[in-house]
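These protein sequence lines are chains A and B, in that order.
Numbering follows the working numbering, in which position 70 of the first sequence is assigned residue number 70; successive positions increment by one, without gaps.
Numbering follows the working numbering, in which position 64 of the second sequence is assigned residue number 64; successive positions increment by one, without gaps.
Do not rely on the hints blindly, as some may be mistaken.
Here are the simulated EDC-like pairs of lysine to aspartate or glutamate, each with C-alpha atoms no more than 16 Å apart in a straight line [claimed, not checked]:
1) B:Lys12 - B:Asp354
2) A:Lys6 - A:Asp61
3) B:Lys82 - A:Asp77
4) B:Lys82 - A:Asp45
5) B:Lys75 - B:Asp126
6) B:Lys82 - A:Glu46
Keep in mind the hints are simulated off the structure, nothing from the lab.
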Amino acid sequence: MAIGVKLPTVLRPLAGGAERVEVEGATVGEAFAALDPPLRRRLTDEQGAVRRHVNIYLGNDNIRDLDGLSTPLTDGDELLILPSVAGG
Amino acid sequence: MSEAVLLIGTKKGLWIGRSDAARREWTLDGPVPQFEMQGVYSVGVDTRGERPRLFVGGTSEHWGPAVFHSDDLGKTWDEPPKGSIGFPEDAEASLERVWQIQPGPPGQPGVVYAGSEPSALWKSTDGGVTYELVRGLWDHPHRKDWGAGYGGQAIHTVLPHPTDPDRVSVAMSTGGVYQTSDGGKTWSPANQGIKVKFMPDPYPEFGQCVHKITAHPDVPERMFAQNHHGVYRSDDGGAIWKSIADGLPSDFGFPIAVHPHDPETVYVFPLIADANRIPTDAKCRVFRSRDAGSTWEALANGLPDTSYAPVLRDAMTTDAGDPAGVYVGTRDGCVYASADAGDTWTEVARHLPDVLSVRAAVVG
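All chains should be built: construct the whole structure from the sequences, respecting the hints.
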């Protein structure tokens with residue numbers, strides 16, 4: 001099923017400048033696995049865990065409050081990637 | 001025609017200084033857009049190939065760590081599609097920061113080492129594009145007892161032997177110095193004589209917080225160490241360390257660097273103490289010894305007479321020019337350069353973010 005992934009400005013150069021990329025996947029984890037590796041690495045570490053200060057929203061819900069990377073997706077869902085307020 | 005390049009890694013990005021071979025006047029490029037908001041903990045210059053290759057180990061608080069390289073003196077930066085460095089699945093760890101990128105000796109083309117947080121050593125044989133975990137050190141039984149200092153738990157120094165590819169020394173905080181003589185399969189601690197102030201036993205086998213080690217390639221058995229309190233020299237390749245702190249205003253500091261052409265000349269930047277990490281006398285002063293640590297002199301010509309800014313472990317370096325260049329970057333965002341081995345200094349940069357790492361080379 002087709003999943004949209006909306007990127008923050010800082011990551012768009014890794015997607016050829018696109019604001020939104022489309023991938024296939026039945027879960028958030030599957031959708032991420034389908035991303036180009038340079039983009040995927042910014043969102044998850046080498047063991048596949050979502051980076052601490054990266055937030056991923058499905059609708060209004062942070063996937064951490066759902067089922068994380070196992071959160072099921074349906075055709076046409078859109079994931080919104082947002083950097084958390086972190087650092088100094 | 002020769003030119004000089006100076007990589008300045010800061011807490012918020014990369015700047016590049018450029019000069020001619022005389023290295024008296026510098027222009028500054030930056031911040032380099034690719035590394036905005038990244039902590040650049042490691043920079044490197046590999047001058048062994050036909051073209052110099054520059055390295056940056058940057059960490060974004062949001063998007064994680066990565067190692068980039070440039071073959072056009074910093075105009076463009078690349079990383080391989082699958083990334084340069086990452087723990088294998090069975091290591092059950094993930095990379096936090098790359099603290100060191102160290103090109104190998106001239107006789108080992110293509111070899112580049114990296115040191116990381118968590119404490120791991122990485123070896124590249126493709127010129128620093130991709131790296132593999134050195135398993136022998138990762139699997140060391142001591143690893144569970146290596147601790148974290150203020151900066152995290154990291155291998156921050158890699159010192160390959162100049163002629164024997166099987167011999168490598170590393171330094172980590174905390175843990176201390178470890179060495180291999182079989183190409184990385186087995187590793188032994190090498191901290192005898194290095195004192196710790198934060199454990200019941202002042203001379204443990206390992207666990208020291210060694211901040212930096214260095215050696216001149218012509219005299220590889222003579223090694224220098226700046227410890228978390230303590231400045232040391234070993235004359236037997238790290239087997240025994242002896243204090244060379246007499247004559248310094250303090251034995252606390254982070255960097256130590258050796259003159260590229262004179263194995264007797266070594267540089268440190270003393271801070272008052274671990275409980276008061278500002279320069280001694282609140283003056284920005286590099287200290288130089290020309291007799292391998294027996295006596296020390298303060299270098300002041302061109303350095304500020306009032307400063308409260310430390311120099312971190314990788315924010316002091318030398319180049320291989322003639323006369324030798326020496327560089328220090330401070331936590332208040334200044335970089336000072338000497339083109340005469342430390343006799344006189346000029347300001348290359350000011351008001352940058354905290355300087356974490358500097359490396360320089362005369363190229364072309």
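message = What's the verdict on B:Lys82 and A:Asp77, does the C-alpha distance respect the 16 Å limit or exceed it?
response = violated, 27 Å
**Q.** 16 Å limit on alpha-carbon distance, applied to hinted pair B:Lys82 and A:Asp45
**A.** Between B:Lys82 and A:Asp45 the Cα gap is close to 12 Å, so the pair holds against 16 Å.
* Asked: Regarding the pair A:Lys6 and A:Asp61, is the alpha-carbon distance no greater than 16 Å?
  -> Holds, at about 15 Å.
Decide if the proposed pair is consistent with the structure: B:Lys12 and B:Asp354, CA atoms, cutoff 16 Å inclusive. holds, 8 Å
If you draw a straight line from the CA of B:Lys82 to the CA of A:Glu46, is it 16 Å or shorter?
With a Cα-Cα distance of about 10 Å, the restraint between B:Lys82 and A:Glu46 holds, given a limit of 16 Å.
key: Straight-line alpha-carbon gap B:Lys75 to B:Asp126, limit 16 Å   = Not OK: B:Lys75 and B:Asp126 at ~21 Å, beyond 16 Å, violated.
Of the numbered hints stated above, those contradicted by the structure are hints 3, 5, listed in ascending order.
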